[in-house]
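Protein chains: 2
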Amino acid sequence: MSSPLEFLRFIDENADRFIQRLGQAVAIPSISGDGTHRQDVFKMGSWLEDQLKSLGVETKQVDLGKHTMDDQELPLPPAILGRIGHDPKKTTILVYGHYDVQPASKSDGWDTEPFELVVDSETGRLIGRGSTDDKGPIMGWLNVLEAHKALGLSLPVNMRFCFEGMEESGSEGLDDLITSEAAKGKKGWFDGVDCVCIVVNLSQSDNYWLNTRTPCLTYGLRGIKYFKVTVSGPARDLHSGAFGRMVHEPMTDLVLLMSKLVAPDGTILIPGVDDMVPGPSSEETAIYDALDYSVQDVVDAVGAPITLSEDKTTLIMGRMRFPSLSLHGIEGGVRETQHEEQARFGESARRKPWIADYKHWNYEAAKKATEAVYKKSPDLTREGGSIPVTLTFAESLGVNVLLLPMGRGDDGAHSTNEKLDRSNFIEGSKLLGTYLYAVAAATE
Amino acid sequence: MSSPLEFLRFIDENADRFIQRLGQAVAIPSISGDGTHRQDVFKMGSWLEDQLKSLGVETKQVDLGKHTMDDQELPLPPAILGRIGHDPKKTTILVYGHYDVQPASKSDGWDTEPFELVVDSETGRLIGRGSTDDKGPIMGWLNVLEAHKALGLSLPVNMRFCFEGMEESGSEGLDDLITSEAAKGKKGWFDGVDCVCIVVNLSQSDNYWLNTRTPCLTYGLRGIKYFKVTVSGPARDLHSGAFGRMVHEPMTDLVLLMSKLVAPDGTILIPGVDDMVPGPSSEETAIYDALDYSVQDVVDAVGAPITLSEDKTTLIMGRMRFPSLSLHGIEGGVRETQHEEQARFGESARRKPWIADYKHWNYEAAKKATEAVYKKSPDLTREGGSIPVTLTFAESLGVNVLLLPMGRGDDGAHSTNEKLDRSNFIEGSKLLGTYLYAVAAATE
Chain X
8 MSSPLEFLRF
18 IDENADRFIQ
28 RLGQAVAIPS
38 ISGDGTHRQD
48 VFKMGSWLED
58 QLKSLGVETK
68 QVDLGKHTMD
78 DQELPLPPAI
88 LGRIGHDPKK
98 TTILVYGHYD
108 VQPASKSDGW
118 DTEPFELVVD
128 SETGRLIGRG
138 STDDKGPIMG
148 WLNVLEAHKA
158 LGLSLPVNMR
168 FCFEGMEESG
178 SEGLDDLITS
188 EAAKGKKGWF
198 DGVDCVCIVV
208 NLSQSDNYWL
218 NTRTPCLTYG
228 LRGIKYFKVT
238 VSGPARDLHS
248 GAFGRMVHEP
258 MTDLVLLMSK
268 LVAPDGTILI
278 PGVDDMVPGP
288 SSEETAIYDA
298 LDYSVQDVVD
308 AVGAPITLSE
318 DKTTLIMGRM
328 RFPSLSLHGI
338 EGGVRETQHE
348 EQARFGESAR
358 RKPWIADYKH
368 WNYEAAKKAT
378 EAVYKKSPDL
388 TREGGSIPVT
398 LTFAESLGVN
408 VLLLPMGRGD
418 DGAHSTNEKL
428 DRSNFIEGSK
438 LLGTYLYAVA
448 AATE
Chain L
8 MSSPLEFLRF
18 IDENADRFIQ
28 RLGQAVAIPS
38 ISGDGTHRQD
48 VFKMGSWLED
58 QLKSLGVETK
68 QVDLGKHTMD
78 DQELPLPPAI
88 LGRIGHDPKK
98 TTILVYGHYD
108 VQPASKSDGW
118 DTEPFELVVD
128 SETGRLIGRG
138 STDDKGPIMG
148 WLNVLEAHKA
158 LGLSLPVNMR
168 FCFEGMEESG
178 SEGLDDLITS
188 EAAKGKKGWF
198 DGVDCVCIVV
208 NLSQSDNYWL
218 NTRTPCLTYG
228 LRGIKYFKVT
238 VSGPARDLHS
248 GAFGRMVHEP
258 MTDLVLLMSK
268 LVAPDGTILI
278 PGVDDMVPGP
288 SSEETAIYDA
298 LDYSVQDVVD
308 AVGAPITLSE
318 DKTTLIMGRM
328 RFPSLSLHGI
338 EGGVRETQHE
348 EQARFGESAR
358 RKPWIADYKH
368 WNYEAAKKAT
378 EAVYKKSPDL
388 TREGGSIPVT
398 LTFAESLGVN
408 VLLLPMGRGD
418 DGAHSTNEKL
428 DRSNFIEGSK
438 LLGTYLYAVA
448 AATE
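Protein chains in written order, with the numbering used here: chain X, 8 to 451; chain L, 8 to 451.
Please note that the accuracy of each hint is not assured.
Said to hold, decoys possible - Capping the alpha-carbon separation at 30 Å, the derived lysine-lysine pairs in DSS-like fashion look like this: (1) K267/X - K191/L; (2) K235/X - K267/L; (3) K232/X - K267/L; (4) K67/L - K267/X; (5) K193/L - K382/L; (6) K235/L - K235/X; (7) K73/X - K194/X; (8) K156/L - K60/L; (9) K96/L - K156/L; (10) K267/L - K73/L; (11) K267/X - K267/L; (12) K96/X - K191/X; (13) K50/X - K73/X; (14) K60/L - K235/L; (15) K50/X - K96/X; (16) K96/L - K67/L; (17) K113/L - K156/L; (18) K235/X - K191/X.
What the hints assert, rightly or not - Derived Cβ-Cβ restraints for the label pairs, each shown as a range: (19) P110/L - V306/X: 24 to 34 Å; (20) P110/L - P271/X: 39 to 49 Å; (21) E317/L - G279/X: 17 to 27 Å; (22) V236/X - P312/L: 13 to 23 Å; (23) T119/L - G40/X: 41 to 51 Å; (24) G279/X - H246/L: 24 to 34 Å; (25) P271/X - D78/L: 12 to 22 Å.
Said to hold, decoys possible - Residues from chain X that keep clear of chain L, each with C-beta distances beyond 10 Å, as calculated: (26) K67; (27) G199; (28) M283; (29) E290.
Just so you know, these hints were derived from the structure itself, not from any lab. Note that beta-carbon positions come from the ideal geometry of N, C-alpha and C, so glycine has one too.
Using the sequences and the hints given, assemble the complete structure.
Below is the structure:
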C-alpha cells in the first residue's frame with residue numbers, strides 16, 4: 008500500500024530543486040484571460056511539454072483552434088496530452104491539470120511580485136501566482152515522474168495526462184477534445200483509462216482542504232445556475248415627485264419578486280427546488296459529523312457570527328449537499344435598447360452538479376495514501392460551485408473521478424498573495440506518488 | 008380686474024427686446040454647483056441688481072457668508088433684496104426667484120450652446136440654460152416693472168423682491184435670511200408683506216403646467232423623505248459556492264425588508280403612513296375631476312401603459328395628494344470602514360409637505376388673471392417633492408404663498424435643451440402684471 012521509502016526520501020532530498028522548478032513555472036505569466044499574454048500561455052505549454060518529454064512521457068500538442076476575446080481573434084492555447092506506461096496488467100489513471108493562471112499585478116495589492124516565486128522561510132509559504140492554482144499540483148506530478156526516472160523505478164500504474172491552458176477563461180475547446188478523444192477508443196490517448204485524478208483548485212469552487220489542518224477528498228459539487236430577472240416599465244427615467252404612485256415601478260415589482268425566492272434562513276422558496284435533494288442517509292450524515300470543521304471555523308472565515316445554524320452538521324450540509332440561492336445584486340435605471348413590456352426570466356449560465364462514488368477503489372486508494380503520508384484520515388467533502396471538466400471526464404469515459412486537493416483553505420487562489428505551503432507541495436508530491444501505489448494495490 | 012390695455016400692448020411691442028434681455032441673463036453661466044463658476048454667479052447677482060435699480064427698485068445685497076464645496080471655501084452668492092412702492096393703502100406682495108442655474112455643457116447632449124439663448128422661430132422655443140429655471144420668470148417681473156416705468160403707470164401694489172443665487176445648490180443661507188428679515192418686523196425688508204408669489208421651477212418638484220395646454224396654480228407639495236437601509240453581515244466578500252446556505256446574506260434580508268415597504272399597486276405597507284392623509288372631500292375631488300389631464304397623458308409622458316389606475320381622478324390623486332414610496336436602488340458588496348452587526352434605518356433627508364388655502368384672495372387673483380390672459384381657467388394642482396422656501400415664507404411671514412408656474416410640462420429644466428416657449432414668456436409677463444392688478448382689486 009505504501010510507496011517505496013526511496014521514493015519518499017528522493018522527494019525530501021530534492022525539495023529545494025522542486026521548489027526552484029515551481030519558480031520557473033510561476034515566472035511565466037501564462038494569463039489566459041489577457042490577450043497580451045497569449046504568447047506566454049503558449050510558452051508555458053511548451054515548457055510543460057518539454058518537462059514531460061524529458062521525464063519520458065510521450066506527448067502531443069493538440070491545436071484547439073481560434074477564439075475571439077476583446078474583439079480580437081486569438082489562437083487558443085493547445086491541450087498537452089501525454090502518456091507513459093503501456094502495461095496491460097497495470098491500471099491506467101488519467102491526470103488533469105491546467106497551466107494557465109489568473110491575472111495578477113502588484114498594483115492589485117500583492118506584497119511581492121506575483122510572477123516571482125517567493126519562499127517565505129518563516130511561514131513556509133511559497134508565494135506567487137499559480138503556486139496553488141494550478142502549477143504547484145502539476146509540478147507535483149513532475150516530481151513523482153522525476154523521482155521514478157532518477158531511481159530507475161517503474162511507475163506502478165500507466166499514466167495519461169491532459170493539461171489545458173484555458174481553464175481560467177472557460178476551458179474553451181476542452182470538452183470537445185475530451186469527448187472526441189474518448190470516442191476514438193483504442194486509437195485515442197485516453198484508451199484504457201480506469202479512473203481520473205484531478206488535483207486542482209478550479210474557479211467557482213474552492214476545492215482545497217476545508218481548513219489548514221486536515222487533507223480532504225472531494226466527491227461532489229453542487230453545480231451552479233445564474234438567472235437574471237429583468238422587469239421593465241417606463242421608457243425613460245421618471246421623477247418620483249411627478250410620477251410616484253401614478254405608475255408601476257419596476258424596482259418595486261423586482262424587489263417583491265426577489266423576496267419570494269429565498270428566505271433569510273436559507274430555505275429556497277421556489278416550489279420543488281429544496282425537494283430535488285432527498286434527505287441524507289445516516290451513513291452520509293456520519294461523514295458530515297466526522298469532518299474536521301466547526302461552527303467557529305465558519306465564523307472565523309466570514310468574520311462575523313452570522314451562521315444559519317449553531318449545529319455543525321446542519322451548517323456543513325447547507326454548504327455541501329443542499330441547494331443554496333444567493334441574490335447577487337439589483338441594478339436600477341437600466342435602459343434596454345429595445346423597450347420590453349414584461350418581466351423576463353432568463354438563465355444566463357448553468358453547470359451541472361456532480362457526485363462520485365466515494366466507496367470506489369479510486370477513493371479508497373486516495374484515502375489510504377493520505378493516511379500513509381499525513382497520518383490522518385482525510386475529510387470526505389462536497390463543495391459548492393462546479394468544475395465542469397469533472398463531469399465531462401465522468402460522462403465521456405464512464406469512469407470514477409477523484410478530486411484530490413493539494414492546497415489549504417487559506418491559499419487564496421484567484422486572490423492576491425496566492426500561496427502554497429511548502430509542506431503541502433512536498434508532502435503533496437509524496438501523496439500523489441503514494442496514491443499511484445495505492446491504486447495499483449487496490450486493483451491487483 | 009384686468010390690467011390696462013397699454014400695459015398689455017407694451018409687452019407685445021417690446022417682446023423682441025425682452026427676449027434679448029433674457030439672452031443677456033442666459034449668457035452669464037451662473038452655475039452655483041460648480042466652484043469655478045462662482046464669480047459668474049456673483050456677476051449675475053450684480054447684473055440683476057443693476058436691472059432692478061434702473062427700473063426704480065431700491066435694492067440691497069445681503070452677504071450670506073461662506074461655505075465649503077469640493078474641499079474649497081467659497082463666498083456664498085448674495086441674496087438680492089428689493090422694494091418698490093410704500094403706499095400703506097396698497098397690498099404688498101413679495102416675489103421670490105433665483106438667479107443661479109444648473110450646470111450645462113454641449114457635451115451633455117445639448118443641440119445648441121447652452122449659454123447662448125437660441126430663438127427657434129419655427130417652434131417658438133427660447134432655448135438655453137436658465138430660460139425656464141428661473142431666469143425667464145425673473146425677467147417676466149422685470150418686463151412688468153419696465154412697462155410701468157416706461158408708461159408712467161404706478162404699480163397697483165407695493166412689491167418686495169427676494170432673489171437668491173444658491174437655489175440649485177441647497178439654498179444655503181436663505182432660510183436664515185428670511186426668518187431674520189421677517190423677525191425684524193417694521194425694520195425689515197419684508198415689512199407689511201400680505202402674500203407671496205413664487206414663479207419658479209424648483210428642483211425636486213416639477214412645478215410647471217401639467218401639460219402644454221393649460222396654465223395652472225399650485226397650492227400643495229407632498230414633501231419628501233429619503234431613507235437608507237443598511238444591512239451588514241460578513242466582514243468580507245464571500246464565495247456563494249463556499250458559503251451559500253451557511254451564513255445569513257445581507258442581500259436576502261435587505262430584499263425581504265424592502266418588499267415590505269410598498270406594494271406593486273403603490274399602497275404603502277408601513278402601518279400608518281397611508282392613514283396620515285385623510286380621504287378627499289367631494290370639493291377636493293371635484294378639483295381633480297376638473298384637471299386638464301388624462302390617463303393617456305400619463306402613458307405618453309412615461310412612454311408605456313403602466314399607470315396604476317385607469318381612472319383619471321384616482322391616478323392624479325396618486326400624484327397630488329397621497330404619499331408615494333419609491334425604491335431607488337440596492338447596492339451590494341459595500342464595505343463599511345467599521346463593521347456593523349445589525350440593520351440600521353437612517354433618514355438622510357427630509358422636506359416637509361406644504362399646502363395653501365386655494366380659496367385665498369391671492370389664488371383668486373391669480374385665477375382671474377389667468378382667465379383674463381389665457382381665456383382659460385387654470386388647473387389647480389398639487390405636486391410631489393418639495394420647494395423648501397415655500398414653507399419658510401409661509402411659516403415665517405404667516406401669509407398665503409402662491410406657486411404660479413410660467414413654463415410648460417415639457418420645458419426640461421435641469422435637462423438638456425432647456426427651453427421656455429416664447430408665448431409662455433410673453434403671455435406669462437402679461438399674466439404677472441395682470442395678477443398684480445387682480446390682487447389690488449381683490450383686496451380693495
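These are the hints, each one checked on the structure:
1. K267/X - K191/L: 59 Å, violated
2. K235/X - K267/L: 22 Å, holds
3. K232/X - K267/L: Answer holds: K232/X to K267/L is near 27 Å, not above 30 Å.
4. K67/L - K267/X: Judged against 30 Å, a Cα distance of about 61 Å means the pair is violated.
5. K193/L - K382/L: Distance ~40 Å between K193/L and K382/L Cα, so the pair is violated.
6. K235/L - K235/X: 25 Å, holds
7. K73/X - K194/X: 25 Å, holds
8. K156/L - K60/L: Holds. K156/L to K60/L sits at ~12 Å (cutoff 30 Å).
9. K96/L - K156/L: 20 Å, holds
10. K267/L - K73/L: At roughly 43 Å apart (the allowed maximum being 30 Å), K73/L and K267/L break the hint.
11. K267/X - K267/L: 12 Å, holds
12. K96/X - K191/X: Holds, at roughly 22 Å.
13. K50/X - K73/X: Given pair K50/X, K73/X holds - Cα atoms ~17 Å apart, limit 30 Å.
14. K60/L - K235/L: Violated, at roughly 47 Å.
15. K50/X - K96/X: Violated, because 37 Å separates the two Cα atoms, which is more than 30 Å.
16. K96/L - K67/L: Between K96/L and K67/L the Cα gap is close to 24 Å, so the pair holds against 30 Å.
17. K113/L - K156/L: 38 Å, violated
18. K235/X - K191/X: 39 Å, violated
19. P110/L - V306/X: 24 to 34 Å: Between P110/L and V306/X, where Cβ atoms are some 49 Å apart, the hint is violated.
20. P110/L - P271/X: 39 to 49 Å: 43 Å, holds
21. E317/L - G279/X: 17 to 27 Å: 37 Å, violated
22. V236/X - P312/L: 13 to 23 Å: 21 Å, holds
23. T119/L - G40/X: 41 to 51 Å: With Cβ atoms ~45 Å apart, the hint holds.
24. G279/X - H246/L: 24 to 34 Å: Hint holds: Cβ distance 26 Å, inside 24 to 34 Å.
25. P271/X - D78/L: 12 to 22 Å: 41 Å, violated
26. K67: Check passes; 33 Å lies beyond 10 Å.
27. G199: The claim stands: G199/X keeps its Cβ more than 10 Å from every Cβ of chain L (closest is about 34 Å).
28. M283: 14 Å, holds
29. E290: 22 Å, holds
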